[in-house]
Amino acid sequence: MSQRIGRPAGFKFNNIEKRFGTLYALRRVSLEIAPGECVAVTGRNGSGKTTLLRIASQLTRPTRGDLNFSGLSDGEVPSIGYVSHAVMLYDELTAEENLLMFARLMGIPEPEKRAVTLLEATDLASRARSLVRTFSRGMKQRLAIARALLQEPGLLLLDEPGTGLDTESMAWLVNTVRGLRDEGRTIVMSVHGESALSQLATRAMRLDAGVVFADTRSGATFQAVFAGTEA
Amino acid sequence: MPLLSNTAVLLRKELQSEYRSHELLTTASVFILIVIVLFSFTFDPTSAESRQFGPGLLWLAFLFSASLMLQPCFLKERTNDTLSALRLAVSDPFAIFLAKLCANTIFLLVTELLLLFVFAVFYNVAVLSVFPKLALVFFLGSMGIATTGTALSAISSLARMREVLLPLLLMPLLVPVLIPSTEATKALLEAEPTLRWDWLGILIAFDVVFLTALWLFGEYLLEE
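Protein chains in written order, with the working numbering: chain S, 1 to 231; chain G, 232 to 455.
No wet-lab data here; the hints were simulated from the structure.
Bear in mind that the values here come from a model prediction, so they are computed numbers and not experimental data.
Some clues are possibly wrong.
[Stated by the list, open to error] Here's a subset of chain S near chain G, in silico, CB distances under 7 Å, partners left out:
id, residue
1, Phe20
2, Pro35
3, Tyr82
4, Ser84
[Claimed, not checked] Here are a few chain S residues that face chain G, going by a calculated C-beta distance under 10 Å:
id, residue
5, Met88
6, Glu97
7, Val212
8, Ala224
9, Ala227
10, Gly228
The C-beta atom is built at its ideal place from N, Cα and C for all residues, glycine as well.
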C-alpha cells in the first residue's frame, strides 16, 4: 500500500482532457505546478476550475491524459487537503464528531488533540458539540477548511474557499493560507477576481472554456489575469 | 489493519446517524408491518397455509423494504459531497462499502427479527423454538440483500432516474437470494422443522461471490 506523505507535493497535467458527455470541461490541459507554489486559478463559471481541482485531487478521473505528482519518492502519494463548493461534512454529526471521524480515518495520531486544536483555530470550540446542521454557511465553511487541514496536507486544493465567509472569517482564512504558503506547502485555489486571498498567490492562472488562457508568475500581470484583460 | 479500523470508524458513524434520525428502521419496519397486516386481513390464512405461503410473503416484504432502506445509502453521501471526503480520507475504498453493507445488514436484520414476531402472531406460526436457526437464515439472506443493494445503491445514486433504478436493478438480481431464503425459512416453519444446509449453501456462495466482486471492483463504483 502507498504511503501518504505530508511533504509539499507538486503535480503535472499532461494533455489532460475531461468530457462530460459531449461537453468539454478541460481541453488538453498541460501544466506543471511545483512543490511549494501558491497558485490562484480564476475564470468564469463553467471554465473548468472545479474540474481541474478535482482531477488534481484524484477524485475525478480524466477522460484522456496523465496526472503525475512531483516532490515525492516512489510508492509515496501526496497527502491532499481539499475544500469544495459542498462542505463535505455530515449534518447529523457534531463539529467535533466530524473532525474526529475524519482524523481517525486518516490515521492521525492523537486525533482528539488535533480536532481540539483545529476547532480552536477556527473559533468553533464553543460549538464543538453542536450538530453541523445547526451551523451557518460560514461556520460550515470554516469547519470544512479545518477538515481539509487535519492531516497537515502537502497539497492543498481550495475551490472558492471564501464562499459564505464573513469579514472576520475571511481574515482568518487569509492568515491561515498565508501561514501554509510560508511553510512551503503547495496551494492551488480557485478564486473569483482579485481578493485578499488571491493576493497571496505566487502564480496566477486563468481558465477559459477548459483551456489555460493565461498563466503568469509575474506579480505585475496578476491584476490583468484576474480581470480577464491579459489578452 | 487500516481496512478494519476504517470500517469500524465508518460503521460507528452509520449507526450513530441512524440512532439520531431513526429514518431507515422506522420506514422499513412500518412498511413490513403494513404488508404483513394487509395480507393477513386479505387472505385470512389457516395455520397450514401460513406455513406454506408465509415465508414467501415475509421475504418479499423484506426485499421491498430493503429497496426502500438501501435507496438513501449512497444518495445521502452525495448531498454534501461527503463521499469525496471519505474517498480522500480512507486508505482502502473498500472500507466505505464494508461499513455500509455491515450497517445495512444490521438494520435489515433488526427489522426482520422484530417483525418476525408480528408475523408469528398474525399468521399463527410458532417461531420461538426455531428462532436461532431462523436468525441464521435471516442473517445470510440479509447479507446477500445488503451486499448487492449497497453496490447498486452506489451505481444508482449517480443516475438521473435513481428512485426507480435501484428497485429495477435489485429485484431480478436478488432472485438467487429470495428462493433459498424462502425455502430455508419454509423448512424451519414446518411441523417438523429442519435446517436445510443445501439452501444455506447457496446463500453463503452468493454472499461470498458478491462480496468478492465488491472488493475487486467497488472502487470503480465510487468514481464520478
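Verification of the hints:
{"no.": "1", "hint": "Phe20", "in the structure": "violated, 9 Å"}
{"no.": "2", "hint": "Pro35", "in the structure": "violated, 19 Å"}
{"no.": "3", "hint": "Tyr82", "in the structure": "holds, 6 Å"}
{"no.": "4", "hint": "Ser84", "in the structure": "holds, 6 Å"}
{"no.": "5", "hint": "Met88", "in the structure": "holds, 4 Å"}
{"no.": "6", "hint": "Glu97", "in the structure": "holds, 7 Å"}
{"no.": "7", "hint": "Val212", "in the structure": "violated, 22 Å"}
{"no.": "8", "hint": "Ala224", "in the structure": "violated, 33 Å"}
{"no.": "9", "hint": "Ala227", "in the structure": "violated, 31 Å"}
{"no.": "10", "hint": "Gly228", "in the structure": "violated, 28 Å"}
Checked against the numbered hints given earlier, this structure breaks hints 1, 2, 7, 8, 9 and 10; the rest are met.
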